[in-house]
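Participant: When you get a sec, could you build the whole thing from the sequences and use the hints?
Protein chains in written order, with this note's numbering: chain A, 1 to 427; chain B, 428 to 559.
Calculated directly from the structure, the hints in this document are not laboratory data.
Because the structure is a prediction, the values reported are computed rather than measured.
Heads up, a few of these hints could be off.
As the list claims (entries may be wrong) - Pair ranges (Cβ atoms, derived):
hint: 1; chain 1: A; residue 1: GLY355; chain 2: B; residue 2: ASP466; range: 16 to 22 Å
hint: 2; chain 1: A; residue 1: LEU262; chain 2: B; residue 2: ASN487; range: 44 to 50 Å
hint: 3; chain 1: B; residue 1: ALA516; chain 2: A; residue 2: ALA379; range: 26 to 32 Å
hint: 4; chain 1: A; residue 1: LEU262; chain 2: B; residue 2: ASN452; range: 54 to 60 Å
Ideal placement from N, C-alpha and C gives every residue a C-beta, glycine not left out.
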Amino acid sequence: MSRDEMSALQGKRLHKVVSYVYHNVPFYRAKMQAMDLTPDDIRTIEDIVKLPFTTKQDIRDNYPFGLQAAPQSEIIRIHASSGTTGKATIVGYTRKDIEIWSECMSRCLTAYGVSREDLFSVAYGYGLFTGGLGVHYGVENMGASVIPASTGNTEKHIGLIRDLGVTGIACTPSYALHLAETMEALGVNKGDLKLRIGAFGAEPWTENMRQEIQERLGLKGYNLYGLSEIMGPCVSYECECQNGSHICEDHFYPEIIDPATLSPLGRGKEGELVFTTLTKEGMPLLRYRTRDLCSLLEGECACGRTEVRMGRIVGRSDDMLIIRGINVFPSQVESVLLGIPECAPRFKLIVERIGNLDSLTVQVEMRQEYFAQGFDTLAPVTELEKKVASKLKSVLSISAKVQIKSPGAIERSQGKTAFVEDRRKLK
Amino acid sequence: MLQLSVFMENTSGTLTAVLGTLKENNIQLHAISVADTADYGICRMICDNPQKAFKVLEQNGVAASLSEIIVLEMKDVPGSAADLIALFAKSGLSIAYLYSFHYEGRQALAFRTDDREKAKEIITVNALKEIL
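Facilitator: This is the structure in structure tokens:
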């Protein structure tokens with residue numbers, strides 16, 4: 001499709017989705033009315049800059065179904081992603097949404113070189129997280145054989161990959177490295193496997209990680225990008241050129257903005273990635289701020305696809321951390337600690353990559369009054385550690401190592417970001 | 428006897444800071460013992476004015492606490508600690524921690540058991556000399 005044809009299609013779809021949310025989502029109607037906008041003001045894709053932004057906070061404020069445009073009777077699936085204060089972001093999908101998702105996911109897989117002959121293993125978590133089911137439906141849709149391995153039980157998974165002759169896999173890049181490590185420990189040689197394609201995403205990764213994964217697993221690794229608010233995995237994908245991720249922009253229209261001024265930035269400029277869903281029915285979003293920082297690449301790709309490409313995610317415009325593919329906000333930790341009277345709500349998060357897996361350490365200050373109640377052994381301290389760890393696990397969905405610190409031991413900081421020490425080298 | 432316990436992290440300077448505070452407030456230590464794990468430790472002390480010590484540490488933001496501990500007088504001869512501890516072990520009591528020190532010219536053994544009532548009973552039955 002030529003760029004002009006694409007723009008015309010996007011403009012037509014944008015007008016349609018704007019009318020749809022204007023008439024079905026009170027939140028958007030109120031926002032547009034406040035800006036003196038009607039759907040008729042949005043005719044071409046260039047008009048998109050007139051529209052209001054949507055943030056994660058807006059979704060949270062309208063929990064659970066406030067931004068849903070389709071009636072409940074049309075919703076056939078609901079996914080949820082972690083929220084900052086324990087409340088998840090709920091996303092409902094209509095049958096058509098699932099079809100488009102599967103179709104876009106199949107588009108990604110085709111670009112990776114997957115065909116109907118392939119056996120494709122999905123090692124993302126199955127469940128509320130969009131990773132597992134999202135890729136699963138894409139593989140089925142294109143007619144390859146899907147193996148719903150999910151996460152965990154790595155040894156068994158390696159056995160399946162070897163015995164069945166699995167040729168493709170989707171997982172987080174850190175899980176891919178963990179897989180390689182386990183394989184080597186089991187004495188399984190990459191030459192014993194038929195793996196040739198890896199789709200990796202759900203967490204930021206580097207070119208160095210790609211080289212290492214490709215070398216150790218004996219496959220080609222491609223980026224797979226997505227977010228549940230917009231759809232799930234399928235939003236963008238790398239082709240054989242491995243040079244930027246093509247965005248399925250006939251469904252998800254990308255913009256790059258300056259996160260401080262919110263003004264649009266030109267091609268090649270680094271800023272915050274914003275998406276507008278052009279065809280979604282369940283929960284369409286206008287100009288959703290992803291908080292991911294990257295740039296849109298200039299020029300056509302050597303593969304011949306005309307879809308715009310996005311560069312690597314280089315950071316976040318908020319304080320969200322992605323640890324083992326799970327979104328973690330420092331405010332979640334804070335809310336847990338506020339509910340534990342033995343601790344002061346003062347903490348520090350340390351993220352490291354130990355071996356090939358991310359590890360989160362939460363340092364937290366014990367209150368003087370807790371220890372002062374006659375304690376003369378360390379048992380109450382280890383008990384407190386366990387209590388904090390178990391509460392954190394239930395809110396964050398990942399295990400964290402808890403380190404109890406003495407009162408006042410954690411340095412006082414001005415900004416929120418200073419609570420986090422990310423020691424992973426991702427750039 | 429009242430024992431002062433202080434939670435401390437395994438970083439250099441922590442012990443110096445605590446002891447410095449006690450020194451500034453003219454508190455005399457009779458006994459000190461430190462136990463540690465990988466990340467933190469606990470420092471237990473017997474001093475001449477535990478209430479005051481607790482108060483000044485608390486004011487300095489230190490996690491401290493006071494607890495009653497059993498302190499027994501020991502004969503200054505070989506085997507006296509072995510005999511004393513054997514009495515408690517025989518009754519099935521286990522000892523969480525223990526340390527010894529000189530107190531007003533006497534040899535003293537301080538320890539904590541999992542069952543304080545039973546320990547008191549053993550002390551009475553065996554006519555052991557407790558330093559209060």
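Participant: Does each hint fit the structure? Answer for all of them.
Facilitator: Structure-based check of all given hints:
The beta-carbon spacing between GLY355 of chain A and ASP466 of chain B, approximately 21 Å, falls within the hinted interval of 16 to 22 Å. Taking the beta carbon of each, LEU262 of chain A and ASN487 of chain B are about 48 Å apart, inside 44 to 50 Å as hinted. Against the hinted window of 26 to 32 Å, the Cβ-Cβ separation of ALA516 of chain B and ALA379 of chain A comes to about 21 Å, which falls outside the hint. Between LEU262 of chain A and ASN452 of chain B the beta carbon distance is about 58 Å. The supplied range of 54 to 60 Å therefore holds.
In this structure, the one hint that does not hold is number 3.
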